[in-house]
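**Student:** As they're listed, the protein sequences go chains E and V. Numbering-wise (the UniProt record's numbering), the first sequence opens with residue 1 and increments by one. Numbering-wise (the UniProt record's numbering), the second sequence opens with residue 1 and increments by one.
Check the hints yourself; a few may be wrong.
[As the list claims (entries may be wrong)] Interface residues of chain E toward chain V, partial, derived using beta-carbon atoms under 10 Å:
| # | residue |
| --- | --- |
| 1 | Pro6 |
| 2 | Glu9 |
| 3 | Phe17 |
| 4 | Arg61 |
| 5 | Gln80 |
| 6 | Leu146 |
[As the list claims (entries may be wrong)] Derived pair list, reagent style DSS-like, types lysine-lysine, alpha-carbon separation capped at 30 Å:
| # | chain 1 | residue 1 | chain 2 | residue 2 |
| --- | --- | --- | --- | --- |
| 7 | E | Lys183 | V | Lys177 |
| 8 | V | Lys337 | E | Lys123 |
| 9 | E | Lys233 | E | Lys4 |
| 10 | E | Lys29 | E | Lys196 |
By construction, these hints were calculated from the structure, which means they are not laboratory data. It should be emphasised that the depicted structure is a prediction, and the values quoted were computed from it without experimental measurement. Positions of the beta carbon are idealized from the N, C-alpha and C atoms, including for glycine.
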Amino acid sequence: MSDKKPVLELRKVDKSFGPIDVLHEISLKVREGEVLCLLGDNGAGKSTLIKTLAGVHKPTRGEILMDGEPITFSGPREAQGRGIATVHQFGGTYPLMSVGRNFFMGMEPTKGFGPFRVFDREKANRIAVEEVQKMGITRITDGDRLVGGLSGGERQSLAIARAVYFGARVLILDEPTAALGVKQATHVLRIVNEAKRRGLAVVFITHQVMHALAVGDHFAVLIRGAIAADFRKGEKSREEITDLMAGGEDMASLEAQLETYMDDHEGHPPQLSTS
Amino acid sequence: MSESITQQKTDETAPTSGGFSFGELIRSPAAGAFFGMIIVFLIFSLFGFQRNFLSVGGLANWMNFASTVGIIAIPVAFLMIAGELDISTGAVLPASAMMLGITSGHYELPMWLGITMTLLMAAGVGLINGLLVTRTQVPSFIVTLATLFAVGGLTLALSDALINNTNVSLYSPDWAKAIFGTRYFGFRTSVFWWLALIVVFFFFLHRSPWGNWVFAVGGDAESARNAGIPVNRLKIWLFILCSVCTALAGICQVVQFNSAQSATFFNMIFFTIIASVVGGVLLNGGFGSVVGVVFGTMTLGIVQQGINYTEIDRNLSLLIIGVMLLIAVLMNGTFQKLATSWSTKKDKG
Ligand SMILES: Nc1ncnc2c1ncn2[C@@H]1O[C@H](COP(=O)(O)OP(=O)(O)O)[C@@H](O)[C@H]1O
Ligand SMILES: [Mg+2]
Numbered sequence: 001m002s003d004k005k006p007v008l009e010l011r012k013v014d015k016s017f018g019p020i021d022v023l024h025e026i027s028l029k030v031r032e033g034e035v036l037c038l039l040g041d042n043g044a045g046k047s048t049l050i051k052t053l054a055g056v057h058k059p060t061r062g063e064i065l066m067d068g069e070p071i072t073f074s075g076p077r078e079a080q081g082r083g084i085a086t087v088h089q090f091g092g093t094y095p096l097m098s099v100g101r102n103f104f105m106g107m108e109p110t111k112g113f114g115p116f117r118v119f120d121r122e123k124a125n126r127i128a129v130e131e132v133q134k135m136g137i138t139r140i141t142d143g144d145r146l147v148g149g150l151s152g153g154e155r156q157s158l159a160i161a162r163a164v165y166f167g168a169r170v171l172i173l174d175e176p177t178a179a180l181g182v183k184q185a186t187h188v189l190r191i192v193n194e195a196k197r198r199g200l201a202v203v204f205i206t207h208q209v210m211h212a213l214a215v216g217d218h219f220a221v222l223i224r225g226a227i228a229a230d231f232r233k234g235e236k237s238r239e240e241i242t243d244l245m246a247g248g249e250d251m252a253s254l255e256a257q258l259e260t261y262m263d264d265h266e267g268h269p270p271q272l273s274t275s
Numbered sequence: 001m002s003e004s005i006t007q008q009k010t011d012e013t014a015p016t017s018g019g020f021s022f023g024e025l026i027r028s029p030a031a032g033a034f035f036g037m038i039i040v041f042l043i044f045s046l047f048g049f050q051r052n053f054l055s056v057g058g059l060a061n062w063m064n065f066a067s068t069v070g071i072i073a074i075p076v077a078f079l080m081i082a083g084e085l086d087i088s089t090g091a092v093l094p095a096s097a098m099m100l101g102i103t104s105g106h107y108e109l110p111m112w113l114g115i116t117m118t119l120l121m122a123a124g125v126g127l128i129n130g131l132l133v134t135r136t137q138v139p140s141f142i143v144t145l146a147t148l149f150a151v152g153g154l155t156l157a158l159s160d161a162l163i164n165n166t167n168v169s170l171y172s173p174d175w176a177k178a179i180f181g182t183r184y185f186g187f188r189t190s191v192f193w194w195l196a197l198i199v200v201f202f203f204f205l206h207r208s209p210w211g212n213w214v215f216a217v218g219g220d221a222e223s224a225r226n227a228g229i230p231v232n233r234l235k236i237w238l239f240i241l242c243s244v245c246t247a248l249a250g251i252c253q254v255v256q257f258n259s260a261q262s263a264t265f266f267n268m269i270f271f272t273i274i275a276s277v278v279g280g281v282l283l284n285g286g287f288g289s290v291v292g293v294v295f296g297t298m299t300l301g302i303v304q305q306g307i308n309y310t311e312i313d314r315n316l317s318l319l320i321i322g323v324m325l326l327i328a329v330l331m332n333g334t335f336q337k338l339a340t341s342w343s344t345k346k347d348k349g
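So that you can see chain E by itself, here it is in the shape it has in the complex (with noise of 0.2 Å):
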């Protein structure tokens, strides 16, 4: 498996806000053919990991490489130019603008030429609707609809629809299935099958260890922004990915806290204060 090529490869990034260190030393390659599974709990940095491979962010130090070349990305238009699309966790549509324009935001299709380029309104529209009825909401008929009145499955289905759009060679999902019902999950769990089948390198960021064990191919844990751990499918156990997915923290031993704190209370829940 390790003879596939790797797409994009991160060599000792690290990334700090100011004076807040947020990630130490990640070394990852995104191989194509290939979902990456990105573990770990909560402010671990996955988040930011990702906007780092998106060109949100410029890593502090160390450095990206594309196709085996270094790279700057001068901005996320500049990565997705390159064929690296990404869903971002939370936001990324606007609701009281049209599915078309949502669809399109940033990479917007236009005709006519000069200063005169206009939004080609009816291009978006129809590409939108046709790549969002592919992720199997076949309720959007219609490009002008204003994203507000869809529910949350079918902004975050849009969200994921447009990305697959402009993911030509990378796709990344950041929590993609938090808003999603069982039905709506298993699709996108498909869609990154596919993505994976047609050869693109899949970023894949979850909470859900089956949606994890379904789709990934080789997993990175993240522990307060440095890699914890970094092994293949097969190398462990499910039980062991789940609790590294728990942060890192062994499950079982989480567990035996769990029954000595309630053998010691007799089974009281601890007390609240009421002072």
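We have chain E; now place chain V with the ligands onto it with these hints.
**Tutor:** What follows is chain V with the ligands alone, placed relative to chain E:
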């Protein structure tokens, strides 16, 4: 992914274009403003029928007033759509008029030079507003409140120091009169500037890709940043645009009336914000339209100025504006709900 399934669907979803569509109207932020203006216009026509409200003179009277507000209100609305506010216009307007009056009037510099300097000064104020808002986390209301007073104070102080007067007169060459400050068919030149700017601004906000960005920045700045939209640069340019348009309105005024006053024009702040809100612009950003703001400005013009051509007591205009503003704010929510739930395809099967 599943190409075959969706292929036959695309035919149904071919966009419908052209013609009047109720869905499009109701979805437009201008809908409420349009109905509001029609109602106000009809009521005023009724009470103004005997008093020439419907004459060309009556129309020109309130359109002249509306044009000054309108030239400033559209870029103010752009900022509101982008989630910001600019109230420094109340000081930039007299500052620009005074600047041109002092440079080309008192010091007799060539007109083109005075105009260029005035526009550059305004652009500088806009740049300062934009930089302060984007570099600090201070809300733009406070930043532009500060620049409002700073520019207002500086205008007074400099006028006093340079020409020892708070007023200045300016006699413009014919070409400048023709471009900025004469009357055509009873309408001031600023009315034609306004009409031209409406076209340009409409194209910018609703047709060009940049318009998309303005809405996105006000809708969700973080997502816009993630999508690669240069949020800060866009805001800075919008602040500059707002100040420069205000300067244009100031230039038109001083050339039209051959004189300028340096007192801060606080009313302009209220006029531009009222025109925007009555025009359907959402105060928290992300929603609005050029046409709506034009309707809002015209409504304000009718109530504030056109009232002189009716039998309605002039003193009632402030009350009417207040009630109108309240209704607009309450209705804007309803119109948004209608807009978001409306789908043209719903009723066609
Ligand atoms: N722009 C920022 N400025 C300062 N701190 C940030 C910024 N973005 C993220 N952080 C901090 O980085 C840490 C990791 O956040 P994040 O990457 O969102 O974690 P995760 O996605 O794994 O939950 C958090 O402590 C967060 O407060
Ligand atoms: Mg996160």
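**Student:** Determine for every hint whether it applies to the structure shown.
**Tutor:** Status of the hints after comparison with the structure:
no.: 1; hint: Pro6; in the structure: violated (24 Å)
no.: 2; hint: Glu9; in the structure: violated (22 Å)
no.: 3; hint: Phe17; in the structure: violated (14 Å)
no.: 4; hint: Arg61; in the structure: violated (23 Å)
no.: 5; hint: Gln80; in the structure: holds (6 Å)
no.: 6; hint: Leu146; in the structure: holds (4 Å)
no.: 7; hint: Lys183/E - Lys177/V; in the structure: violated (69 Å)
no.: 8; hint: Lys337/V - Lys123/E; in the structure: holds (26 Å)
no.: 9; hint: Lys233/E - Lys4/E; in the structure: holds (15 Å)
no.: 10; hint: Lys29/E - Lys196/E; in the structure: holds (15 Å)
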